[in-house]
Amino acid sequence: DQQVKQNSPSLSVQEGRISILNCDYTNSMFDYFLWYKKYPAEGPTFLISISSIKDKNEDGRFTVFLNKSAKHLSLHIVPSQPGDSAVYFCAATPNQAGTALIFGKGTTLSVSS
Amino acid sequence: DARVTQTPRHKVTEMGQEVTMRCQPILGHNTVFWYRQTMMQGLELLAYFRNRAPLDDSGMPKDRFSAEMPDATLATLKIQPSEPRDSAVYFCASGLVGNPFYGYTFGSGTRLTVV
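First to last, the protein sequences are chains A and B.
Here this note's numbering is used: position 95 in the first sequence is 95, and no number is missing along the way.
Each number in this note's numbering comes from the position in the second sequence (counting from 1) with 1000 added on.
Bear in mind the hints are in silico, worked out from the structure with no lab data behind them.
Because the structure is a prediction, the values reported are computed rather than measured.
Mixed in with the good hints, there may be bad ones.
As the list claims (entries may be wrong) - Here are the computed distance ranges between Cβ atoms for each label pair:
id, chain 1, residue 1, chain 2, residue 2, range
1, A, K54, B, M1015, 47 to 53 Å
2, B, R1003, A, T108, 22 to 28 Å
3, A, S8, B, D1057, 29 to 35 Å
As the list claims (entries may be wrong) - Which stretches of chain B does chain A cover? Using the computed rule of at least three CB atoms under 8 Å from a CB of chain A, they are:
id, segment
4, 1064-1071
5, 1106-1115
Unchecked claim - Some residues of chain B that are not near chain A, with every Cβ distance over 12 Å (derived):
id, residue
6, T1013
7, G1059
8, T1076
9, P1084
Glycine included, every Cβ here is placed at the ideal spot set by N, Cα and C.
Please work from the sequences and hints to get the whole structure.
See below:
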């Protein structure tokens, strides 16, 4: 029973275009959502997060949107760059008080130049 | 630049052997996690600790896996006996409970191959 789902295993985008990665969740207790980026042979690194009291959070080229009613969030990367090619994991947690993150299976993004 | 250190980076072992993976969390972080990455399951939570006390180990096969924090600078994950299905990348992560929340910092992982 997967609580965090990333239904697209892979996504290919051209350099300069927008990349949109999607994530759905089933647990209505989730209160905080994060995106991690992972390069081969490295651990995941924190990218951006959003609290359930917001519907958008922006950090440079990265924006995360949250639609609580649909239990859906998305990560937008604009403009996409070849260095963005990596596996992106969506994660969720019931609160910020140090509980474990529940991860999706990841989406592999390939940005071609 | 603070980082989580995991050793060894790679481990190949024969089925039935004991495997020990080690993690040095970031100094001052009070929460430590063990995750396992497989192609089929993605990143699965195995166990985690707060102030060295185990909070949840429900993700671990209890009969063969054990996780401990002998002190604040060391977390260990042991598999005994190991099986081929344990082959995966094992990640340790650490973090500090607080607000704002910046997520957890992951180590580079231990790639385990059981033959």
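Do the hints match the structure? See the list:
no.: 1; hint: A:K54 with B:M1015: 47 to 53 Å; verdict: holds, 49 Å
no.: 2; hint: B:R1003 with A:T108: 22 to 28 Å; verdict: holds, 25 Å
no.: 3; hint: A:S8 with B:D1057: 29 to 35 Å; verdict: holds, 32 Å
no.: 4; hint: 1064-1071; verdict: violated (count 0)
no.: 5; hint: 1106-1115; verdict: holds (count 4)
no.: 6; hint: T1013; verdict: holds, 20 Å
no.: 7; hint: G1059; verdict: violated, 9 Å
no.: 8; hint: T1076; verdict: holds, 18 Å
no.: 9; hint: P1084; verdict: holds, 21 Å
Of the numbered hints given earlier, the model fails hints 4 and 7; all others are met.
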